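S.K.: Next come the chains, spelled out residue by residue.
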Amino acid sequence: MPSDALPPTQDPDLLRRLLRAKDRMDAASHEAWPVSRLASLSGVSEAHFARSFKQAFGVPPHRYLLTRRIERATALLRDTDLPITEIAFQTGWESLGTFGRTFRDITGESPSVNRERSRAQAHQLDRVPLCIVSAAHRPGLETAVSEKRRREAGGTKAPSK
Amino acid sequence: MSQGVDVVGLYVRDQDEALAFYVEKLGFRVHTDVRNGDFRWLTVQHPEQPSFQLGLFTPGPPLQDEATAQALRALVAKGAMPPLVLAVDDCRAAYERMLGLGVEFTQEPVDRFGSVDAGFRDPSGNGWKMIGARRH
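These protein sequence lines map, in sequence, to chains A and B.
Residue numbers for the first sequence, in the working numbering: -10 to 150.
Residue numbers for the second sequence, in the working numbering: 10 to 145.
So that you can see chain B by itself, here it is in the shape it has in the complex (with noise of 0.2 Å):
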């Protein structure tokens, strides 16, 4: 398939805090970085996914007015965004690891029907969820 989803974005509290977050602890790249003015477009990709671009943005100007990007930040920071899923060969190993970097974790590994999955959220408090492979 040559077609699909190119970039879905997120709402992050600070970029430079999120960039450091994805890059150095879950092991993100950056794939674009643009300043114009006050306006940064940042994404990040998963390093085995080039398809996909993951954006980390503030909300503000000029895309919102300040009253609107106020509830956002608020909404963000009261982990009210949707969920965000993370697929990892071995859950309990990323969990280990990032726990080490100091990932905040919401819920340890749990087998659950057969997959094991945890829970951990951007400084920002936007929730993920881990996932490991089915095993077979």
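Isolated chain A (complex conformation) (with noise of 0.2 Å):
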């Protein structure tokens, strides 16, 4: 390959296509988003479109998907009085464990301590729009949940393999 060729770059076609199946799983994160969904949004096959996501955005749907109801999660603690049974299903999940373990993963802490944690603080937030306080508030997640999960419990106790 000559040291002066383009570097591989994605479609920008299929790029804009991919970002309207990311725009979807923005506006309505709490829905079930199956790989077959989000291909058909983007006019692409399910293969296709889990390696073109993530080449496009740096993390598979699923893991992207997780961040976003994280996040509303993480503002729903903190600007509202929902109980944190009501804010696990309104965010997607189907039980309550799973949403404190998940959250608990990918956070380190439980939703009621980011709660009180997070209702401690002072936020002026009013003066930006909402998307980008949603952004900053998006949780990092460079590994997946499992990955994470386990490499934390290498630290306390010896692998269970």
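Just so you know, these hints were derived from the structure itself, not from any lab.
Keep in mind the model is a prediction, meaning the values are calculated, not measured.
Take the hints with a grain of salt, since some may be wrong.
Computed Cβ-Cβ distance ranges for the label pairs, DEER-style [to be verified]: (1) A:101 - B:50: 54 to 64 Å; (2) B:117 - A:87: 20 to 30 Å; (3) B:15 - A:-2: 25 to 35 Å; (4) A:110 - B:143: 20 to 30 Å; (5) A:97 - B:40: 46 to 56 Å; (6) A:99 - B:122: 26 to 36 Å; (7) A:-2 - B:24: 16 to 26 Å; (8) A:93 - B:59: 48 to 58 Å; (9) A:101 - B:39: 53 to 63 Å.
Glycine residues also receive a C-beta, built at the ideal position from the N, C-alpha and C atoms.
Grab the two chains, each in its own frame, and use the hints to assemble them into the complex.
M.R.: Structure follows, in structure tokens:
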């Protein structure tokens, strides 16, 4: 390959269609988003969607969805008095247990502790558009939840294998 | 005040497509549309804001080499360009009107701290926030 060849970049028209699927997840992260649904929004096959999405946005679609759900749950914990069970259902989880476990895996604290801590801090968010506030509070998620759980467990006990 | 920002440019996928969107759907009007070979200087302005122009430009020669232009086109299509904010008197009314025209909304109007905001994208992928005036 000649050294002056253009680096492999994705087709802008495909990227625009991938963005459409990402936007739909953003707008309704509490809904179920099987790859088949996302792929059809982008007009590509399921295998092509998952691969292209990760290449475009740096994270697989399902993991991206998780970050949006956690982010929304964090906002509801901070800004509302809703019971945590209700927040779990509103943000797309089917059980409180799964929500609490995933929330703790990603943020490092339980929903109730997160709520107490965020409410103790002062906020001046009314000058910033909602989407920017959301993005600023989105958790970083560089590794899959299961990997993170395994890594943290590795510090305190021997791997199960 | 007699001085200030005159033009801010946006990268778009296709200037004709962008022109149709900003004029027919958002209600802007053409300020300047000048061609010089392949290059086209195209700006629009809001009818109520004559001192400001929004430039609708495509990445490419003579301003960028092809590799840079390709990267910019990808970034625009991924929605990675900086956010834009449109101020309106009534966000819900503007939303209904624009939705009827086929504008691709990313967020329905929501109340937040006394104002109402919604989100939409232009055909290229540029993200706009539309914020209604705060009620007093």
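S.K.: State for each hint whether it applies.
M.R.: Cross-check of the supplied hints:
1. Against the hinted window of 54 to 64 Å, the Cβ-Cβ separation of residue 101 (chain A) and residue 50 (chain B) comes to about 57 Å, which satisfies the hint.
2. At roughly 28 Å, the beta-carbon separation of residue 117 (chain B) and residue 87 (chain A) lies within the given 20 to 30 Å, and the hint holds.
3. Checked against the hint of 25 to 35 Å, the pair residue 15 (chain B) and residue -2 (chain A) passes, with Cβ atoms roughly 33 Å apart.
4. Against the hinted window of 20 to 30 Å, the Cβ-Cβ separation of residue 110 (chain A) and residue 143 (chain B) comes to about 24 Å, which satisfies the hint.
5. The given range of 46 to 56 Å is respected by residue 97 (chain A) and residue 40 (chain B), whose C-beta atoms sit roughly 51 Å from each other.
6. Distance hint for residue 99 (chain A) and residue 122 (chain B): a CB-CB separation of about 28 Å, consistent with the stated range 26 to 36 Å.
7. Judged by the Cβ atoms, the range 16 to 26 Å given for residue -2 (chain A) and residue 24 (chain B) holds: they are separated by roughly 21 Å.
8. Look at residue 93 (chain A) against residue 59 (chain B): about 55 Å separates their beta carbons, and that is inside 48 to 58 Å.
9. Look at residue 101 (chain A) against residue 39 (chain B): about 56 Å separates their beta carbons, and that is inside 53 to 63 Å.
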